[in-house]
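Novice: The primary structure of each chain is shown beneath.
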Amino acid sequence: MFKCIYNGEKEKAAGKNVFGATIKKMVHNDSKVVYMDADLMNSIGTFGLEKDYPDQIVEAGIQEANMVGVAAGMSAAGMKPIVHTFGSFAGRRVFDQAFMSVAYAKNNVVIVGSDSGINAAYNGGTHMPFEDICLYRAVPEATVIDVTDSAMLASILPELVENKGLTYVRICRKNCVAVYSEDSTFEQGKANVLRDGKDVAIFAAGYMVSEALKAAEELAKEGIDAAVIDMWCIKPLDEACVLEYAKKCGAVVTAENGNVVGGLGAAVSELLGENLPTPISMVGIRDRFGQVGTVDFLAETYGLTAAKVAEEAKKTIARK
Amino acid sequence: MQSQLKKFATEIRIAQMEEFKARGFGHIGGALSITDCLAALYGEIMKYDPKNPQWEDRDRLVMSKGHAGPALYATLALKGYFPMEMLKTLNQNGTHLPSHCDKNLTPGIDMTTGSLGQGASTAAGLALGLKAQKKDARVYLILGDGESQEGQVWEMALFAPQHKLNNFIAFLDNNKRQLDGYTADICNIEPIDEKFKAFGWYTLRIDGNDPDKIVEAVNDAKANQGDKPAMIILDTVKGAGVKAVEETKLNHHLNVTAEDADAYIAALKAELE
Chain A
1 MFKCIYNGEK
11 EKAAGKNVFG
21 ATIKKMVHND
31 SKVVYMDADL
41 MNSIGTFGLE
51 KDYPDQIVEA
61 GIQEANMVGV
71 AAGMSAAGMK
81 PIVHTFGSFA
91 GRRVFDQAFM
101 SVAYAKNNVV
111 IVGSDSGINA
121 AYNGGTHMPF
131 EDICLYRAVP
141 EATVIDVTDS
151 AMLASILPEL
161 VENKGLTYVR
171 ICRKNCVAVY
181 SEDSTFEQGK
191 ANVLRDGKDV
201 AIFAAGYMVS
211 EALKAAEELA
221 KEGIDAAVID
231 MWCIKPLDEA
241 CVLEYAKKCG
251 AVVTAENGNV
261 VGGLGAAVSE
271 LLGENLPTPI
281 SMVGIRDRFG
291 QVGTVDFLAE
301 TYGLTAAKVA
311 EEAKKTIARK
Chain B
321 MQSQLKKFAT
331 EIRIAQMEEF
341 KARGFGHIGG
351 ALSITDCLAA
361 LYGEIMKYDP
371 KNPQWEDRDR
381 LVMSKGHAGP
391 ALYATLALKG
401 YFPMEMLKTL
411 NQNGTHLPSH
421 CDKNLTPGID
431 MTTGSLGQGA
441 STAAGLALGL
451 KAQKKDARVY
461 LILGDGESQE
471 GQVWEMALFA
481 PQHKLNNFIA
491 FLDNNKRQLD
501 GYTADICNIE
511 PIDEKFKAFG
521 WYTLRIDGND
531 PDKIVEAVND
541 AKANQGDKPA
551 MIILDTVKGA
561 GVKAVEETKL
571 NHHLNVTAED
581 ADAYIAALKA
591 ELE
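Residue numbers (my numbering), protein chains in the order written: chain A, 1 to 320; chain B, 321 to 593.
Since the hints were derived computationally from the structure, they do not count as laboratory data.
The model shown is predicted, which means the values in this text are computed figures rather than measured ones.
Heads up, some of the hints might be wrong.
Stated by the list, open to error - Straight-line distance between alpha carbons at most 20 Å, and here's what the computed EDC-like set of lysine to aspartate or glutamate pairs gives:
{"#": "1", "chain 1": "B", "residue 1": "K484", "chain 2": "A", "residue 2": "E50"}
{"#": "2", "chain 1": "A", "residue 1": "K32", "chain 2": "B", "residue 2": "E338"}
{"#": "3", "chain 1": "B", "residue 1": "K484", "chain 2": "A", "residue 2": "D55"}
{"#": "4", "chain 1": "B", "residue 1": "K563", "chain 2": "B", "residue 2": "D547"}
What the hints assert, rightly or not - Which residues of chain A face chain B? A few of them, derived with a C-beta cut under 10 Å, are:
{"#": "5", "residue": "D55"}
{"#": "6", "residue": "G69"}
{"#": "7", "residue": "G73"}
{"#": "8", "residue": "S75"}
{"#": "9", "residue": "M79"}
{"#": "10", "residue": "R92"}
{"#": "11", "residue": "D96"}
{"#": "12", "residue": "A105"}
{"#": "13", "residue": "N107"}
{"#": "14", "residue": "A154"}
{"#": "15", "residue": "S155"}
{"#": "16", "residue": "P158"}
{"#": "17", "residue": "V295"}
{"#": "18", "residue": "F297"}
Cβ atoms here follow ideal geometry from the backbone N, Cα and C, with glycine treated the same way.
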């Protein structure tokens, strides 16, 4: 069960600190769990764990492709590997290894990509993954997750290493806007209805969940009753929930911190197009490259804001 | 008089020719070149149980040059992992014996391979995972010479000595040819033994078409590798054991008529007598 505690404020703990603490708990509690990194442990809160858990914390060095292959082999040897690098490398750079050595071979590996979308900020376009969701959605049987906040991260991470096959998780290293209470639990494949509504359904993921909640508050002031649904598990998609809310509201907005090509917007559009054609608008990166800047600047530049979500909601309602 | 292992190698060659004959084509050159290594591994070196292919304490083999699957399938069938008759299903629709090795389809296959370079890393991962669990099992890896043009092989070549993978023995099937021609003309990998030595591997270089020498080399590696991974460069002939294939320059993937296959099989059978 989850509890939405959204009030617009940020979480106290940074994502990377929660990640580090969670990995520590996982390797401590289960000797089969093995964590691998490609020279980014000091950036993600896992630095130093290798001293206490030398057999379970593996620094690969700057060789992401080999890291993912080694993780696949460790799975075949009976371990439960979880690997981390920046999302740009966790997607593009290791894609063939993730596809063949992990997914196709039916090895069980969790691949964590940090600095989701515009959260890459000052690392710029080279490090700004807008395409990772699209890539991993195209892998049969893969699980694809865009983590909403650190409460969710701490809750789901220990469960993900029990998954079969390839699991891709994108996370934020910084302080997210708090959406969930710390004792919340989540069910993979189930979307979370954070706010019920009848005029428009906003399906959001990751960074855009809190923006969608903010947009719903603004829309309410104008008498528009918007539902907000957290689509944190992008694959498998909670199709029943999407169809239910599309039918109930008759207008749909998707909101994501990545390219709409192949992303959440595409997933929802594909489902509705085949089953329940509904007016839809996709808020997200409209097929562009990233660049350096503050998260606020990037959000404005690419239209990843509550104001944009509200604007698109009204346009979509008008198309009913 | 052939040694027992040489006889086994010839039997593997005969069985794989039956596979290629049934389908009419295949990756014949590189399957033949690695056959003597497979005879040594399954005839003497490796610890395994055909009745329990998933036995946790077994040694593992990763055929990273996954297109040599047919040679490995022939070996596994001869050792009783599945019926010999199944070999005729190579690459037939719905088969359990695909062109490239698939651990989810074929009993006895320890890792899925086919995208070159990737078996290097998964083999290292198996070795690391077995070590972490204090298992007394070894991991054997077979790389191709052309495959060693892949960057991933060299990422792994750095990784394995760093992590002291001394339960890990790799072979490099140096058959000198790849799909488009001679490796030396396309993207030379030599001196390949010196490269692995420089990367921190216990390295040997031997005649890779002599299974008895391969057994000796593995025993040498086990005794002397210390805390290093071992690399045994196998100098081989692509198409080894079947003269007509050896003499075909571009012999990576060949068509074979039933008549030709029968002639190759007859010649191989004569060697056994």
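Novice: Let me make sure I understand: some of the numbered hints might not hold for this structure. Which ones are they, in numerical order?
Specialist: 2, 4, 10, 14, 15, 16, 17 and 18
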